[in-house]
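K.L.:
Listed here are the chains, written in short residue letters.
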Amino acid sequence: MPKCTIDGKEVEFTPGENLITVAKRAGVEIPVFCYHPGLTVVAQCRMCYVEIEKMPKLQTACSTNAGEGMVVKTQSDPVVKGRAGTMEFLLLNHPLDCPICDKSGECDLQDNSYGYGSANMRHSEERRTYVDVDMGPVIEKNMNRCIHCTRCIRFGEEVAGIHEMVAIKRGNNIDITTIDGDPLKTLYAGNYADICPTGSLTLRDFRFRKRAWMLKKTPTVCEGCSKGCNMEVQQEGNIIYRCVPRENLEINKYWMCDEGRMNYHYTQDGNRILAPRSKSNAISWDEAIEALKEKITGKKPTFLAGSDLTQEELKTLSEYINAYHSGSHLYHFGTEGVFTASQDAPLDKILRMKSKTSNLMGAEKLGIKPISEFSSSSDTVIIVRGGRADLKVALSRVKAKNLIGVGVFLENEVENFDLILPGTAFTEKDGTIVNHQGREQKIKRAILPKSTVKTLSEVLMLAANKKTKVGAA
Amino acid sequence: MTKLLSEKFYTAMKKLEPRYPTKKALILPALHQAQEEYGWLPKEVLGEVAEYIGVHSAQIREVASFYTMYNLNPVGKNHLKICTNVACCLRGADELMNFAEKKLGIKCGETTADGMFSLTEEECLGACTTAPAMMANDDYIEELDVNKLNQYIEKMKASK
Amino acid sequence: MVHETLFAQHFWKDSNRTLSYYLENMQGYQSAKKVLKEMKPDQVIEEVKKANLRGRGGAGFPMGMKWSFIPKASEKPKYLVCNADESEPGTCKDRQIMRYTPHVLIEGLLIGSYAIGCKHAYIYIRGEYVREAKLLNEAIDEAYEKGYLGKNIFDSGYDLDITVHRGAGAYICGEETGLLNSLEGKRGEPRVKPPFPAISGAFSCPTAVNNVESIANVPYLIRMGGEAFAQLGKIDKSGGTRLISLSGHIKTPGVYEIQAGSMTIRQIIDELGGGIIGGKKLKAVIPGGSSSPILTADEIDVVYDVEPLMKVGTMMGSAAIMVIHEDTDLVKLLLRITKFYAHESCGQCTPCREGCHWMESILHKILHGEARPTDLELLVDVAQNIGGKTLCALGDAAAGPVISFVKKFRPEFESYIKGQKKYA
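Protein chains in written order, with the numbering used here: chain A, 1 to 473; chain B, 1 to 160; chain C, 1 to 424.
In silico lysine to any residue, SDA-like type, Cα no more than 20 angstroms apart, as pairs:
no.	chain 1	residue 1	chain 2	residue 2
1	C	Lys280	C	Asp270
2	C	Lys186	B	Tyr20
3	C	Lys186	A	Leu39
4	C	Lys186	B	Pro21
5	B	Lys23	C	Ser200
6	B	Lys43	A	Asp134
7	C	Lys193	A	Thr21
8	B	Lys23	C	Cys205
What follows is a set of in silico ranges between Cβ atoms, one per label pair, in the way DEER data are often shown:
no.	chain 1	residue 1	chain 2	residue 2	range
9	A	Thr129	B	Glu37	30 to 38 angstroms
10	C	Glu414	A	Tyr114	33 to 41 angstroms
11	B	Gly39	A	Lys217	53 to 61 angstroms
12	C	His368	A	Thr129	18 to 26 angstroms
13	C	Phe61	B	Glu51	35 to 43 angstroms
14	C	Arg131	B	Gly39	14 to 22 angstroms
15	A	Glu125	B	Asn150	34 to 42 angstroms
16	B	Glu37	A	Asn248	48 to 56 angstroms
17	A	Ser372	B	Glu37	58 to 66 angstroms
18	A	Ile239	B	Asn73	45 to 53 angstroms
19	B	Gly39	A	Ala345	46 to 54 angstroms
20	B	Lys155	C	Lys134	18 to 26 angstroms
No lab work stands behind these hints: they were computed from the structure. Bear in mind that the values here come from a model prediction, so they are computed numbers and not experimental data. Every residue, glycine too, gets a C-beta built ideally from N, C-alpha and C.
If we strip away everything but chain A, and leave its shape as in the complex, we get (with noise of 0.2 angstroms):
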C-alpha cells in the first residue's frame, strides 16, 4: 500500500482517498466547514488548508489525495495563518449569538474559531445582514449566521433529490433560501439541521429546548421503517429531546428521514396509556393481571404481535403460548399492504421503506404468520404491540368479544378495548430488530420506563403465575 507522510507520521492510503480522510488515520484532525463525506468536494470555505512539500501554494486536504511519498504539514505557520484569516473571514459577519443559539455546544465554527481563530476583531464595518424566509415546518433559517458552506445545496440536489434550497445573487450578497416562501418539501429536512455547520438552519422540533452539552446520547435504531436507519437518542432527565442520524456506511450512510426524527414524540405523548385500565377505568396492576387471568386462563385467544417488537419480545411471546396456549394462533401485523418481507420495498430514492415496522423482517424469520393469512378467531384477541403497528390492520379483520391490549397505546386508539396492560416503548428498552437487508441490529435503552408500566416478559409471566424478579426485562 502506498504511503505518505503526514506531521511525521507515515500513513498508509488506498489510492482515492483524500488528505482529510488519511489524516484522520494518522491521529491527526484537519478542521473542515464544507467538506462532508457524504457530498461531492468543492474546496470552498478554505478551512482545511495544508502545507505539502514542492507545492508553493498552501492545498485544500478536502480536494487533494494522498500521493506516494507526499509529506504534508498541518500545523506548520503558514496553516496556522491561512486557518486564522479564513476564520476572521467567517466571523466578519457572523453575529454573536452563541447566549441564544442552539448550535452552541455543537458548532463547528464555535470549535474552529475557539482552535483556530483569534481572539480579536479587526473588522469594524457594518455587518452584513438578511431578511429570512419562513422554510416551513420542520427548520428554522437564520441566514445572517450563515458561513456559505453550500453544504445544504448539495444535500438538496444530491441526497434528497429537491432543488428547493438555491443560492440566489452572487459575492458578498449570496442569499441561500428558498424561493417565493415555498417551505422545503423534502421528507428529509431535519439533515439540513445536523449538516449546517453553524446554526442558520436549526430543527424548529428542537428550538431552544436543551442544550446540547446538557443532552446524555445513547446510540440505537430508528424504529420508523424497516430501514433500520442507525439513530441517536439524546436526552435529559429521562426526558428525550432529540434524535439524530449515526454514520452507518451500510444502512442509513448520514441520514434519517424527517418521520423517523420526530418519531419518538408520540413515546412522551400525554395521551399514551402509562397505567393499566379496564374499559375505561384505570385500575392496579393486581387487577389488571387478575383480569387478564380470567379471560386467558385454560383458553385459546388469538394473538396478534406487532412487528415492531424485539425478537425477544417475539420469541418470549411465542414460547408462552406454546407453553400455556397451545393451539392458539399468532399472527403479526404492521403496515397495511405489507404483510411480508417479500412485499417490502423503497418508498423513495432514499431511505424511507413501505413497512412502517422495523422488525417485518425478524418477525417473519421467526417463523410467525402474517396477518393476511388470518382466517377465524376466537372470542378473546391479545394484541401485543410496541407502538408503531398500525391498528387498524389488525381491527379490521379481526372481531372480538374481548379485546386485549398488552404494550404502547394511546387514548385514542383504544376505544373498544376492555383491558389495557401498558408496555415500553423502544426506548425504553434493549432488544434485536432484523432490517429489510436481513441485518441484525440492537436497540438500546435511552430512558427508564415510567414505573408503571410493564414489560411484555414480566407480564406474561404473572399472566403464567410465575414469580417475577422486580424490574425484569
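Once you've looked at the hints, dock chains B and C against the given chain A.
P.N.:
Only chains B and C this time, still in chain A's reference frame:
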C-alpha cells in the same frame, strides 16, 4: 394558465435544442430570449422558462440572479448603463454619471417615474480604447462626453 | 513594429468582415483546407507547439501544450470552447477580431477542432457584446453556406458545427471552469481542479478553452509554418504578434498590433499612444488589465511580454495597458478597482467573498477620511490573506492591485488617513 411567452420563444428555442447535449445548457439562451420578448423577467416568466427546460423554478431563479444582464425587476424603456471602471473612469465617467443623474432627476440604480429611463452603473464593457462608453439597451455609445450624452437623452425623450 | 500586421490592417472597415473579403484578401480558409486534406491532428499540434503561441487571454499558457493535454482516444465527445468573454478591465482587442475579421476566428476554430478531435465548438461570448454576437452568427452562416462548416468539409470526411453561446454579465465567466459551468446552464462558478477541463470540462467531456486571439492566430500560424510564426516574436518562447488595448490618458488610445516582445512599455506609450494628453507627466501604468500590479513611471522600461513583466513583479495578462497621468487620485482608482472585484466575486470561497468586500469598505473609509492609522496595514494584511488562498484567480486579481498600489504609492494613502487630503 395563459402563457406569457409567445410561440416565437418556443420556436427559437426549438431551433437551438439540437446544438446542445443537455436541455439545461439552453437556460442562458432561453432567459435572453424571454427577456428580449418580455422586457424583463418576472416570476411568472421564470416559471415558464423552468417548465420549458424541465427543471424546478428555483433552479432558474438561482441562475438568473447570478448574472447582471437579466433584469429581475422592471426597467425603463431606455436602460442607460454607464461604465465607470478604470479606463472609463480615467476619461471622465464619473462626470458623465453625475450629469446623467441630474439630467434625468434620478439616482444611479433608479428608474424615472414615467418609465422612460433607467440609469445603472456598469463594469467594464470592453470599449476601453474608446472610453468613456455606455450601453443604451443593447447598443454601445462610445467616446461619450456630456454633450453627446445630453443629445442622446433629448433624442430619446423626443421619440416618446 | 511589424510592417504588415496580421490583424490590424483589416480593422476599422465594416466591409472587411465579409466572407468574400476574407477569401480575396486574407487567403481565406486555405490553411483549413491544407490542414484537413494534408495534415494529421498530431502534426497540427506540433506546428502550434513550434510556434510558441502563448494563450492570449491572460494566463499566457502555451496553446500547443494545452491542446496536447486532450486525450487522443476518448469515449466521450471532445469540445473546443472559444473564450470570448472579454471582461478584464482595459481589454477590448477580441472585440476587434470578432467585428472585423470573424472568419479568421472561425477558420482557427475549424483547425483547432480538427486538431483535438472536436465535432462541435462553442464560442462563449460575453452578453454585452450583442452586436458582435450577431456579426459572428452572420459570419458562421456564411461559412455554413459555402461548406466551410457542417458536414464533410472540403470532402475530407470531417464535420464541424459551431454555436455562439451568449453570456449574461459576469466577469467570472472568463475563468475557464466558470465559463464551462455557464455554458452548461448553471451559475458561472469556478470548479475545483482537479479534474482539469482537458479531462472533464464541458458536459464532463475533454475540453480545451482558448482565447479568441489565440485561436485567430492559428490560420496564420499554419500558413507561414510554426517556426516562422515563432520568429515573428522578438523574444524567447513568445511567437507571433500581440494585440494591445492601449487606453487611459494618452493621445491616441486604440488597439495596436506589435510583434511579441518588440517594444517596451515606454515605447508603446510614446510611439503608439502619442504620449500623455494635456502635456501632463506620467504617474503610473497598469500594464495587463486591472488584475496586474501597477508600475510607477520609473518602471516602464521593461519589454512588454509575459516573462519580462513577470520578472518585475507584474504580469502581461490580457495585454491591456492603462496609462495614468499625474492628476489622478490613485486611492479613488484603487477603490474603484476593488469595488469591481467585490462586485464580480462569485461568492463561493470565503477569502474572496468576505475579503474583497472588506477591502472595499476599508478603502472607502480611507478615501472619506474615516480610517485609523492601522487601517492601511490592515488593508494589506487582508489582501495577503486573500491572494493565493482562493479557489480561482479572482482572489489574486483582487489582492494584487491593493498590495502594489499601497507599496508603490503609500504617501497618497497616508495623506488621506492623516487628513492632509480630503475627498471632494
